[in-house]
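J.: This is what each chain is made of:
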Amino acid sequence: MSCVIINYGMGNLASVSKALRKIGVAHSVSAHPEEVMAAHTLVLPGVGSFQAAMENLNSSGLAEAIKMRIGSGDAKLLGICLGMQLLADTGFEPERCSGLGLIPGEVRALECDMPIPHMGWNNLDIKNPTYFGELEDLDFYFVHSYHFVPQHEADIAATTDYGGPVVAAVQRGPVFGCQFHPEKSQRSGLMVLEHFFAQNA
Amino acid sequence: MLKVRIIPVLTFNGFALVKTKQFGNPRMVGNPIQAARVFNSRNVDELVFTDITATYSGRKINLTFVKEVIDECFMPVTIGGGIRSTEDINDLLKIGADKVLIKSMAINNRSFIGEAARLFGAQCISVAVDARRTGDGRWELHSKTPTGLDVLEFVKMVEQEGAGEIILTSVDRDGMMQGFDTELVEQVLNTVNTPVVAVGGGGSPEHFLELFQKTNIKAAGASAIFYFTQFTSYDIKKKLGDHGFPARFMAAGK
Chain R
1 MSCVIINYGM
11 GNLASVSKAL
21 RKIGVAHSVS
31 AHPEEVMAAH
41 TLVLPGVGSF
51 QAAMENLNSS
61 GLAEAIKMRI
71 GSGDAKLLGI
81 CLGMQLLADT
91 GFEPERCSGL
101 GLIPGEVRAL
111 ECDMPIPHMG
121 WNNLDIKNPT
131 YFGELEDLDF
141 YFVHSYHFVP
151 QHEADIAATT
161 DYGGPVVAAV
171 QRGPVFGCQF
181 HPEKSQRSGL
191 MVLEHFFAQN
201 A
Chain Z
1001 MLKVRIIPVL
1011 TFNGFALVKT
1021 KQFGNPRMVG
1031 NPIQAARVFN
1041 SRNVDELVFT
1051 DITATYSGRK
1061 INLTFVKEVI
1071 DECFMPVTIG
1081 GGIRSTEDIN
1091 DLLKIGADKV
1101 LIKSMAINNR
1111 SFIGEAARLF
1121 GAQCISVAVD
1131 ARRTGDGRWE
1141 LHSKTPTGLD
1151 VLEFVKMVEQ
1161 EGAGEIILTS
1171 VDRDGMMQGF
1181 DTELVEQVLN
1191 TVNTPVVAVG
1201 GGGSPEHFLE
1211 LFQKTNIKAA
1221 GASAIFYFTQ
1231 FTSYDIKKKL
1241 GDHGFPARFM
1251 AAGK
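Quick mapping for you: the protein sequence lines, in order, are chains R and Z. The first sequence begins at 1 in the working numbering and counts up one residue at a time. The second sequence begins at 1001 in the working numbering and counts up one residue at a time.
Source of the hints: derived by calculation from the structure; they are not laboratory data. Using N, Cα and C, we set each Cβ at its ideal position, and we do this for glycine too.
Derived CB-CB ranges, DEER-like: (1) Z:Met1157 to R:Glu55: 29 to 39 Å; (2) Z:Met1157 to R:Gly24: 40 to 50 Å; (3) R:Val29 to Z:Arg1059: 29 to 39 Å; (4) Z:Phe1228 to R:Thr90: 50 to 60 Å; (5) R:Glu134 to Z:Gly1241: 16 to 26 Å; (6) R:Gln151 to Z:Arg1027: 51 to 61 Å.
Cut-off 20 Å, straight-line C-alpha distance, at most; resulting in silico cross-link-like pairs (PhoX-like, lysine-lysine): (7) R:Lys22 to Z:Lys1094; (8) R:Lys18 to Z:Lys1067; (9) Z:Lys1019 to Z:Lys1144.
With the hints as extra help, turn the sequences into a complete structure.
T.: Here you go:
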């Protein structure tokens, strides 16, 4: 089962690649749509703004390749941080624009009485244990100023508490996304990656 | 709930890790790669690694070597030393640094912080603020050459420029292991809303407890305690946790 980390010019590839090496997942890093079409597991990392990311994904043909590959039914996808947010229909960072549309919902600016960005270690309230197993009460590393608001509550895999519940992970079929950085969350993060890669699409 | 952070701060002289006292008398304390491996296995919240002689010696930080340090870490890592341009920042982020620590450029070219924050996002731009007591109840910004700048004025500027974090070190308390300069920390926290990491003086878990009880700080850094005592970051967080502060622990056996 081949895995590709999608390189679209937006951040943290080295750390994600290092984490996959650590848990023994063979993978390539690629910016080519044809390699995305040939892979069984897609990893979409990312740091930066929603709109800039979608512009890169659209102009390179990667957005189309990701949608087709996931639509074919025998591939799975992990989105991390911005890569998780891009799964939504719509983003607003900085202007309204379309996302990949793989999980219905919007990505809006965090609005609460707490400092923005939400940065640091926070624990999860797990709603769907598919990729979490027994990880309740463990902390994960977050850095974000926008958050995913799914249209369907069933797509929320976990929330975290930051001035109220904030979506920390989403899952819809073979598409999984985490707002936190599993590659920066020490053993708790590596365990989430292990659970994700241990399961078939 | 968001947890407090306890952060080992590794200072490097281009050859080995060194521990200073009041920013002088550097004493060699080990190999950075081994140290990073140990701190990673201790599951620390974050790590700061800074080459404290790069700027002064006119060197660039050794990217190949720093990458080896970063590769040991599965937690957020902040890297500093010798940063002079946005290309230098980009080089560090590309090899897996999560944040960069800027000092000299923040003093010499104020617009640099803002430029870096706009390019890379404020969350990855940390500024090192080294404070030395002046004797008249103020703190002067410390650097190799005297700055004459007031620390509270400087942190205000750093915040306005858009830095994501301030790593505030008390030069007077550095390496002394006799407790934090809580007055300094309190005054800085009263001046800015930017997240602050308080460094300098933590020699026992009680010192950290005192810092967290007397001020509203959410993160503290230290180094000497990890080299010269039996205490680990776990002991510090256990102390804080026992007194009601939210601390992050890894479940046993996981």
